[in-house]
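Could you build all of it, start to finish, from the sequences and the hints given here?
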Amino acid sequence: MTNPILETRNLTKIYGQNVIFKDINLKVNEGETIVIIGPSGTGKSTLLRCINLLTSNDGGQVFLDDKEITAKGHNADEVRQQIGMVFQNFLLFNHLTALDNVMIGLTKVKKMPKDKAKEKAMEELNRVGLADRADHYPGQLSGGQQQRVAIARALAMDPRVMLFDEPTSALDPELIGEVLGVMAKLAKDRMTMLVVTHEMGFAREVADRIVFMEKGSIVEEGSPDDLFYHPKHDRTREFLWKITELYGKKEKEKGAVE
Amino acid sequence: MLRSPAPTLYPMLSNFFSYIVQGTAITIGVTLVALPFGLLLGLLMALVHTYGGKIPNRLAAIYSLLLRGVPPIVLLFILYFILSGKVINLTPFWAGSLSLGIVSSAYQMEILRGALLAVGGGQMTAARAIGMSRLQAIQTIVLPQALRLAIPPWSNEASIVLKDSSLVYALGVPEILRRAQQLSATTQQPFLAYGIAALIYFVLVFATNRALDYLSERTKLPTHP
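Residue numbers (our numbering), protein chains in the order written: chain L, 5 to 262; chain U, 627 to 851.
If you're looking for bench data, these hints aren't it; they were derived computationally from the structure.
Watch out, some of these pointers could steer you wrong.
Derived lysine-lysine pairs resembling DSS-like cross-links, with alpha carbons at most 27 Å apart [stated by the list, open to error]:
1. U/K680 - L/K76
2. L/K112 - U/K846
3. L/K118 - U/K846
Interface residues of chain L toward chain U, partial, derived using beta-carbon atoms under 7 Å [claimed, not checked]:
4. D81
5. R84
6. Q85
7. M89
8. L95
9. F97
10. H99
11. G109
12. K112
13. V113
14. Y141
15. G143
16. M161
The beta-carbon is built from N, C-alpha and C at its ideal position, and this holds for glycine as well.
Structure (structure tokens):
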């Protein structure tokens with residue numbers, strides 16, 4: 005068995021007196037899609053932010069390719085180039101076209117020549133099905149399109165791992181499918197992904213492993229079948245039952261995600 | 627002295643006009659020094675206030691509070707006597723223009739600070755997430771958006787500086803108001819002298835605001851067609 009591409013050891017985050025999460029041990033193997041589920045306020049998003057060093061941690065370590073990225077003096081900007089992040093509210097650069105949004109990391113951070121960067125950016129836009137929207141500004145794109153550009157922007161950096169922080173929560177129900185579709189395709193292409201989401205259909209169909217988090221710790225993790233059909237903890241069963249009942253109808257209409 | 631103004635009005639008007647117009651170049655000069663100087667200083671202070679950390683943040687806030695809490699003319703005299711004193715010895719034009727720029731920097735700082743806040747932290751986070759340094763993120767992501775947002779309020783400040791450039795008349799700089807005052811004193815025609823000055827100021831302010839409206843329109847980001 006090869007070493008995991010990303011690993012957290014006893015990762016802990018505390019705001020003042022508030023323990024956001026404690027002793028999180030998570031291993032992500034190359035090509036794996038892991039979906040983190042759990043109630044709001046259990047520290048899922050903060051966990052993702054700690055992993056790519058957007059937020060400092062208060063204990064524990066994060067390893068990327070066996071190197072401790074939480075070590076003192078480690079260049080955080082370099083780490084973030086290797087970890088792609090997709091946000092709930094897209095956060096496209098509003099003053100740049102879709103193409104420039106995808107290009108800017110290549111030209112400014114990777115110092116790639118303009119023509120090469122443009123070629124690569126067009127490839128990535130094509131991958132998310134938006135090559136024909138290259139010259140549109142974020143204000144001219146739908147939420148789903150904006151999120152797909154945001155995915156392309158992260159992919160352009162050739163990251164080792166992609167983090168998704170509730171990528172569809174801010175979208176109209178009709179637009180969720182196109183974003184999940186892009187993500188499912190990425191998973192199929194063996195991109196290593198860590199996804200925080202409430203989309204149970206996606207979790208069931210696409211995830212290699214599901215992690216159920218509550219109150220700042222991991223309650224249970226396992227294959228989708230294990231968690232959905234043979235959960236070890238009552239709390240997992242209860243959460244999944246509630247959320248599937250809530251979203252069940254919508255998923256049936258969508259026909260889930262291939 | 628002018629019993630029948632009608633025959634002499636037109637030549638007098640044109641004389642007045644050409645005399646005061648010569649001050650216009652100086653008024654524009656003062657503004658073109660004060661505004662960009664204030665912009666640079668204001669931008670620096672706004673960035674220090676927003677991204678500088680605790681102590682620099684406090685210092686920038688005090689800078690703004692002090693400069694905005696005193697009438698510009700008082701500051702102008704204080705700064706003028708520093709800038710044209712024994713250590714630094716500038717001409718009245720430069721001392722006056724730079725002083726005006728310093729006064730304006732505090733107001734421009736507040737305009738830019740508001741714009742930086744309006745862009746929001748999310749843009750910074752997204753820029754950092756693709757591996758940009760803080761400085762890169764400010765340069766390429768936050769500032770281009772903040773400056774766009776700042777144009778309309780900045781247009782207001784630009785017209786204030788243009789009008790406040792008349793304050794340097796108190797330092798002996800022969801700009802529009804100074805010349806109008808000289809004419810008024812020598813010809814006893816205050817209404818005409820100051821009226822022409824007012825007209826020139828109005829045209830300048832109007833043109834400035836129109837130009838900045840145009841800039842704002844040109845740099846506006848497209849939304850749904």
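Comparing the hints with the structure gives:
1. For the given pair, U/K680 sits about 23 Å from L/K76 by alpha-carbon distance, which is consistent with the 27 Å threshold.
2. A threshold of 27 Å between alpha carbons decides the hint, and for L/K112 with U/K846 the separation of about 24 Å falls inside it, so the pair holds.
3. Distance hint between L/K118 and U/K846 is fulfilled; the C-alpha atoms sit about 25 Å from each other, no more than 27 Å.
4. Taken as an interface hint, L/D81 checks out: its beta carbon lies about 5 Å from the nearest beta carbon of chain U, inside 7 Å.
5. Nearest Cβ of chain U to the Cβ of L/R84: about 5 Å, under the 7 Å cut. The hint holds.
6. Here the hint on L/Q85 is kept, as its CB sits about 3 Å from the closest CB of chain U, short of 7 Å.
7. Taking 7 Å as the C-beta cut-off, the interface hint given for L/M89 holds, the closest approach to chain U being about 4 Å.
8. Interface restraint check: L/L95 against chain U, minimum CB-CB distance 4 Å, threshold 7 Å, status holds.
9. At about 5 Å, the closest approach between the beta carbon of L/F97 and any beta carbon in chain U falls short of 7 Å, and the interface hint on this residue holds.
10. Interface hint status for L/H99: upheld, as the beta-carbon distance to the closest one in chain U is roughly 5 Å, under 7 Å.
11. Because the smallest distance between the Cβ of L/G109 and any Cβ of chain U comes to about 4 Å, under 7 Å, the interface hint for this residue holds.
12. A least Cβ separation of about 6 Å between L/K112 and chain U falls short of the 7 Å threshold, and the interface hint therefore holds.
13. A distance limit of 7 Å between C-beta atoms decides the matter here; for L/V113 the minimum to chain U is near 4 Å, and the interface restraint holds.
14. Interface restraint check: L/Y141 against chain U, minimum CB-CB distance 5 Å, threshold 7 Å, status holds.
15. Because the closest C-beta pair between L/G143 and chain U is about 4 Å apart, less than 7 Å, the hint holds.
16. This hint holds: L/M161 has a C-beta 6 Å from the nearest C-beta of chain U, less than the 7 Å allowed.
In summary, this structure violates none of the numbered hints.
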